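Take the given structure of chain A and dock chain B to it, following the hints.
As given, the protein sequences belong to chains A and B, one line each in that order.
Start counting the first sequence at 40; every next residue gets the next number (the numbering used here).
Start counting the second sequence at 129; every next residue gets the next number (the numbering used here).
Everything labelled a hint here was simulated from the structure, so no lab data went into it.
One should not assume that every hint holds.
Distance condition first, Cα-Cα at most 16 Å in a straight line; then the derived EDC-like pairs of lysine to aspartate or glutamate [stated by the list, open to error]: (1) B:Lys-133 / A:Asp-141; (2) B:Lys-230 / A:Asp-141; (3) B:Lys-179 / B:Glu-190; (4) B:Lys-133 / A:Glu-316; (5) A:Lys-192 / A:Asp-273.
These figures come from a predicted structure and were not determined experimentally.
Chain by chain, the residues:
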Amino acid sequence: MHTRREHLAAIVTILPSIILLGIFVYGFIANSIYMSTTDWGQTAAMSLDPQIESVGLDNYRDLFTGFLNVRFRQDLVNMFFFTLLFVGLSLLVGLVLATIIDQLFWGETFFRTVFLYPMSLSMVVTGTIWRWILQPRGGINVLPTLIGLPPGKFLWLSSRDQRLVFDWSHLLHYACWVLLVVLAISAYSQWRQGKKGRLAWHLVICGVLAGLIASRVLTRLRLLPYPEMHGFNDALWGVVIAAVWQMSGYTMALYLAGLRTIPRELREAARVDGGSELQIYRYVDLPLLKPITASAIVILGHIALKIFDLIFAISSPDHYPTSMPAVTMFLKAFRGNELAVGSAIGVILFFIVSLLIVPYLIVSFRREE
Amino acid sequence: MSSGKTIRVLAQILAVLLAMVYLVPIYMTLITSLKAPAEINVMTAWALPSKAHWASYGVAWERFAPNLQNSFVLAISATLLSAIMGSLNGYVLSKYRIPGGKVALPLIVFGMFIPYQSVLVPLFRFMQQTRLYGGLPGLILVHVVYGLPITTLLFRSFYQEIPDELVDASSIDGAGFWGIFRHLILPLSGPPFLVVCIWQFTQIWNEFLFAVTLTKPSSQPITVALANLAGGQAVSWNLPMAGSVLAALPTTIVYVLLGRYFVRGLLAGALKG
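Chain A on its own, in the form it takes in the complex (with noise of 0.2 Å):
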């Protein structure tokens, strides 16, 4: 097909951006996995030839164990909730938007827009907008009295209440009841496809789970020395409501285009059958959404785990009950000094993003060859 020459031309032209990646990409996050085991901070981060010596993995051990490092737990915790949330509901949101859309007389267009105008705006201008109509005796909480009730008192972004309060150094034990939760739903998804092999391994490794919680073994292997407690916090609420504000639209496009797929034949052959309206929407086009919900799962998902311009803009990096990893990274590197310890926090969010990541892309690249 092609010459020599011309297959030659093909390399020369992609290898500048070949290289700018293998650097700006690979690199980059080489070099930051090496700092992060490094004490690189304070006085030598602003010295041109600075000393630098090597400190294993004490960093990463200070920042799951240290003392001074609970707010990094507890952003852990943030993410976690928030991820949890954001995902979820922009999830729910998106599907009941495209249901409703999919069914309109009139107006499609405009609706569609609306509710996907906020993706175009920056989390910075999402951020302020909802600070301001979040504000503790403003905005949301004064609309009860405009039909005569008592102003709302919910503190939406500077709560300090917490729910589900767990110690932190029985960590281990917590992951095992999380780990258990994730393999029970899989585990019944493989019961009703009947994938016999499959649900046997999964159900085993809920009985090891099981036993494991049940014999309390890990609340005794302690992470730190003393107690100390973290859990959900309240005021995330108003991150999550500001964050599904913005990106609902986005899984309501997803599931509309995937609406539109599903050939008119299918619901008209369920429809003869004598299906209503509900058991063609529940038999018929919800199952055949699944795909677009697991590719959801991993955009929403890696956005809400690196999530720092709307926390940003919607507290302030230092409001300790909305911060993130990614907030935290930025005050250590940037403002501390403290340049290791603020790679080793961007490189733990790599590698939790990447879990999603990865397998995404395998899948993604296989089904296309």
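Structure of chain B alone, referenced to chain A:
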């Protein structure tokens, strides 16, 4: 009325209600930006201004004009550069078998999902060492590089739909690598260029993390200036709201005029394959 019809009437009503809810923040922003500072009071937060007070926009404009200019320079140049490079990469990856081409694409695409915190410290050092730190050229470079994964991916999926036979035919007619690009690929690239440029412009205009870590005040784009203003406690809310409107205006105009292409960019990332 059949059950199908009842459902559709219900959907219509729900759509109107939900649209009102979604527009609440926009309503609040507009009315607050048009109120005189003295009129801004939590108890009357929902009421329309007694008289449109445009002065906040004047103040916001004066304050943000340099940042808006920075944002335009940044977003337009980084968009064009990343689109051009993405187009060439997409052409190579869809029409040529180059060594390592199969693994190249996933490795390139991975770059758009990484949390940028994991490259931020080395990037910051690199910018300092190359003396690019603080200014717009450095920020443009960063946005071009980290924009390459998405632009390459989008162009490649568009170009894959151009039949290989057309490329072979041009090849037989004696067209080389650049000839095929200029006379076959480029004339078909209008729609993908529009999709990619709209997507990149919106992303770069709205970006904050690189902007806040890699620029000095004189080169800061609008997002950083807005965050700095709104972060201050003493300001009354008319100014941040007017600033938000200014910051949102360019992407809003693009979205309203070319929303169709925006959605196509949005879907292409997740629905491929």
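Need the status of pair Lys-179 (chain B), Glu-190 (chain B): alpha-carbon distance at most 16 Å? violated, 22 Å
Holds or violated: are the alpha carbons of Lys-133 (chain B) and Asp-141 (chain A) at most 16 Å from each other? With Cα atoms ~13 Å apart, Lys-133 (chain B) and Asp-141 (chain A) stay inside 16 Å; holds.
Satisfaction of hint between Asp-141 (chain A) and Lys-230 (chain B), Cα-Cα up to 16 Å: violated, 39 Å
Hint check: Lys-133 (chain B) vs Glu-316 (chain A), CA-CA at most 16 Å. Holds or violated? This hinted pair holds, its Cα atoms lying about 10 Å apart.
Straight-line Cα separation of Lys-192 (chain A) and Asp-273 (chain A) no greater than 16 Å? Holds, because 13 Å separates the two Cα atoms, which is no more than 16 Å.
In summary, the structure is inconsistent with hints 2 and 3 from the numbered list given earlier, while agreeing with the others.
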